[in-house]
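Asker: Here is how the chains run, residue by residue.
2 protein chains.
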Amino acid sequence: MAGRAEPINVQALIFDIFGTVVDWRSSLIEDFTAWSTTRGISGDWTGLVDAWRQAYVPSMDDVRKNPGRGFIKLDDLHRRSLEQLAPQFGLTDLTEDDLRYITTGWHRLKPWPDSVAGLTRLKTKYIISPLSNGNVGLLTRMAKNAGLPWDLILGGDVFGHYKPDPQTYLGAARLLNLPPEQVMMVAAHNNDLDAAQKLGLKTAFVPRVTEYGPLQKIDFDATGDWDVVADDFGALADRLGC
Amino acid sequence: MAGRAEPINVQALIFDIFGTVVDWRSSLIEDFTAWSTTRGISGDWTGLVDAWRQAYVPSMDDVRKNPGRGFIKLDDLHRRSLEQLAPQFGLTDLTEDDLRYITTGWHRLKPWPDSVAGLTRLKTKYIISPLSNGNVGLLTRMAKNAGLPWDLILGGDVFGHYKPDPQTYLGAARLLNLPPEQVMMVAAHNNDLDAAQKLGLKTAFVPRVTEYGPLQKIDFDATGDWDVVADDFGALADRLGC
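Read top to bottom, the protein sequences are chains A and B.
Numbering-wise, the first sequence is residues 1 to 242 according to our numbering.
Numbering-wise, the second sequence is residues 243 to 484 according to our numbering.
Careful, some of the hints might be misleading.
Said to hold, decoys possible - A few chain A residues that face chain B, going by a derived Cβ cut-off under 10 Å, partial list only:
hint	residue
1	Leu82
2	Leu85
3	Leu99
4	Lys123
5	Ile127
6	Ser129
7	Val136
8	Thr140
9	Arg141
10	Lys144
11	Ile153
12	Asp157
13	Leu170
14	Arg174
15	Leu175
16	Val209
To be verified - Dumping the calculated BS3-like pairs for lysine-lysine here, alpha-carbon to alpha-carbon at most 30 Å:
hint	chain 1	residue 1	chain 2	residue 2
17	A	Lys125	B	Lys352
18	A	Lys125	B	Lys367
19	A	Lys123	B	Lys307
20	B	Lys365	A	Lys125
21	A	Lys110	B	Lys352
22	A	Lys144	B	Lys365
23	B	Lys386	A	Lys125
24	A	Lys123	B	Lys352
25	B	Lys386	A	Lys123
Source of the hints: derived by calculation from the structure; they are not laboratory data.
We put the CB at the ideal spot given by N, CA and C, even for glycine.
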C-alpha cells in the first residue's frame, strides 16, 4: 500500500461511520427485506435505500442554509426524507411504528467484516471515536448493536454542525485536548479527508469500494496525499503499530 | 435498602464521576506522594489535594459569573487553582512538567473497588455514560487508564455548562434521544440528584462515605426521595435487573 514512510505521531483516531465502519446499504436492504416479509408489506427497498442516501447531502445542506431554524439531528433528517420518498417506492400505508422501525434501521447497521477486530486493536494504543454526521443517540445505539468498542462518541449534534464544516474536525480536537495534528481522520471518502487535512489533521484512507453497490462512482482509490492508505482496519492497525 | 418498589423504566444511566465512580482523594494523595519521592521534591500533598478540591466549586462559580469570558474546561480550572495553591503547601519550585503531571493526576484517578464490575453489568442492559463536570479529554483518559467501560462520554465542555446547571442534565437526555424520565442520574451527592430530579430525571444514590476522608460532612445518607438507594454499583445492578 501507499502512504508516507515517516512515523506518525497521533494520539486519537476519529472515524467516519457510514460507509467507512458500517455497510449501510447492504444492512438496510437486508433488514427491511426480512422485516417487511414478516410485517406483510412490500416495496422497492433497494430503490428506497439508494434514494434515501441520495437525499442525505441535500438534507444537510438545507440545515446549513437555514441556520435560523437551528440544527436538526440526522435521525430527524432521515425521518423527514423517508416520509417524502416512501410513496415513490410503493410504500404508501406505513404506520407510525413502521416509520420508526425503518428510520432506526440506521441504528442497526452492520460493520464491515474487519471493523470490530481492527478497532479493538487500534483502541489498545489510541483513543478511538466516531466523527460522524450521525447524532450521538444514533451512534451510541449502533455501537451497542454492532459491538463497536469506541472510547467516546462524537456526532454532528455535539457540534451543531455537519461535516465537512470545520467546527466538527476542530471541535473533536478541542474536546480531545489535542492539537489537530495529533488527531487522525479515518475515512473511505476522499472529500472527508481533504477537509480534515486542510485543518491540520492527519488522514487515513481505507477504501470501501462496494459501499454504494452498482452506484459506486468515486472513492475507489486515494486521490489525495493522505498519511496512510490501508486496505482495511487490520492493515491500518499494522501501519499504526498496534 | 430503601428505594421505591415499582419497576423503573429507564434506558440510560448517567454517572457523576468524582467521588461516585472514582476515589479522587486517595488516588491523588497516593499518586503525588509516590511521584514526588522519585522526583525528589516534598510538600503537603494531603493539604494540597483537600484545598484543591475546595477550590473546585468556587472556580466553576467564577465561570458562571463571567459568561463573557466563555466556558473554561475543568483541566484548565484545575491548573489555575493548582498554581494559586501550591506555594501554601511548600511547593514553590514546580516546573512546567511538574505542573502538567500534577494537573493530569485527575486523569489517573482510581475507581472504587465495585465500580468497574458494576458498570460492566449495567452496560449489558443500559446505555452508560459519565455526566461529569470533568471535560471530555479528562474523562476519556481516565476511562482508558482505569478501564471504565463507558458507551459514550459526556462532560461539561460538551454543554458549555457545569452541573447543576439544567443544560447538563437536559443536554444529556437530548443527545441520548431520550425524554428525561428515561434517564437515571447516579451520584454519591444528594445535591446532584436533587437538580436532576427537579428536571424529571430518575435518580439513584450510592453513598461514598469516605470520599472526603476526615473532612466528610454530608452525603452519608440519602436525604431525598430517590428512585434507588444502593450500597454500591453491584447492588445498583441487582436493583436494576442486570
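Asker: Would you mind marking each hint as holding or not holding in the structure?
Answerer: Now for the hints, and whether the structure bears them out:
Annotation: interface hint on leucine 82 (chain A) violated; nearest CB of chain B at approximately 16 Å, more than 10 Å. Annotation: leucine 85 (chain A) was flagged as interfacial toward chain B, and the flag is violated, the nearest CB pair being 22 Å apart, outside 10 Å. With a cut of 10 Å, the hint placing leucine 99 (chain A) at the interface with chain B is violated, because the nearest CB-to-CB distance is about 15 Å. Because the smallest distance between the Cβ of lysine 123 (chain A) and any Cβ of chain B comes to about 8 Å, under 10 Å, the interface hint for this residue holds.
Given hint, isoleucine 127 (chain A) at the interface with chain B, holds; its Cβ is 6 Å from that chain's nearest Cβ, closer than 10 Å. Given hint, serine 129 (chain A) at the interface with chain B, holds; its Cβ is 8 Å from that chain's nearest Cβ, closer than 10 Å. Taken as an interface hint, valine 136 (chain A) checks out: its beta carbon lies about 4 Å from the nearest beta carbon of chain B, inside 10 Å. The interface hint given for threonine 140 (chain A) is met, as the beta carbon of that residue sits about 5 Å from the closest beta carbon of chain B, less than 10 Å.
Annotation: arginine 141 (chain A) was flagged as interfacial toward chain B, and the flag holds, the nearest CB pair being 8 Å apart, inside 10 Å. Because the beta carbon of lysine 144 (chain A) sits about 6 Å from the nearest beta carbon in chain B, less than 10 Å, this interface hint is met. The criterion of a C-beta within 10 Å of any C-beta in chain B is met by isoleucine 153 (chain A), whose closest approach is roughly 4 Å, and the hint holds. With its C-beta approaching chain B no nearer than about 6 Å, aspartate 157 (chain A) sits inside the 10 Å limit, and its interface hint holds.
The beta carbon of leucine 170 (chain A) comes no nearer than 14 Å to any beta carbon in chain B, farther than 10 Å, and the hint placing it at the interface is violated. Contact between arginine 174 (chain A) and chain B, as hinted, is supported at the beta carbon level, the nearest pair being about 8 Å apart and thus within 10 Å. The interface hint given for leucine 175 (chain A) holds, since its Cβ lies 4 Å from the closest Cβ of chain B, which is under the 10 Å cut-off. Interface restraint check for valine 209 (chain A): the shortest CB-CB distance to chain B comes to about 31 Å, outside 10 Å, so the restraint is violated.
Taking the CA atoms of lysine 125 (chain A) and lysine 352 (chain B), the gap is near 20 Å; set against the 30 Å cutoff, the hint holds. Distance restraint check for lysine 125 (chain A) and lysine 367 (chain B): the Cα-Cα separation of roughly 28 Å lies within the 30 Å cut-off, and the hinted pair is therefore satisfied. A distance of roughly 39 Å separates the Cα atoms of lysine 123 (chain A) and lysine 307 (chain B); the hinted pair therefore is violated under the 30 Å criterion. The hinted pair formed by lysine 365 (chain B) and lysine 125 (chain A) meets the criterion: a straight-line CA distance of about 23 Å does not exceed 30 Å.
Distance check on the hinted pair: lysine 110 (chain A) and lysine 352 (chain B) sit about 35 Å apart at the alpha-carbon level, beyond 30 Å; violated. Note on lysine 144 (chain A) and lysine 365 (chain B): the hinted pairing holds, with a Cα-Cα distance of about 9 Å set against a maximum of 30 Å. With a C-alpha separation of about 10 Å, the suggested pairing of lysine 386 (chain B) with lysine 125 (chain A) holds against the 30 Å cut-off. Restraint check for lysine 123 (chain A) and lysine 352 (chain B): the C-alpha separation of about 20 Å stays at or below 30 Å, so the hint holds.
Taking the CA atoms of lysine 386 (chain B) and lysine 123 (chain A), the gap is near 9 Å; set against the 30 Å cutoff, the hint holds.
Violation of the numbered hints given earlier is confined to hints 1, 2, 3, 13, 16, 19 and 21; the remaining hints are satisfied by the structure.
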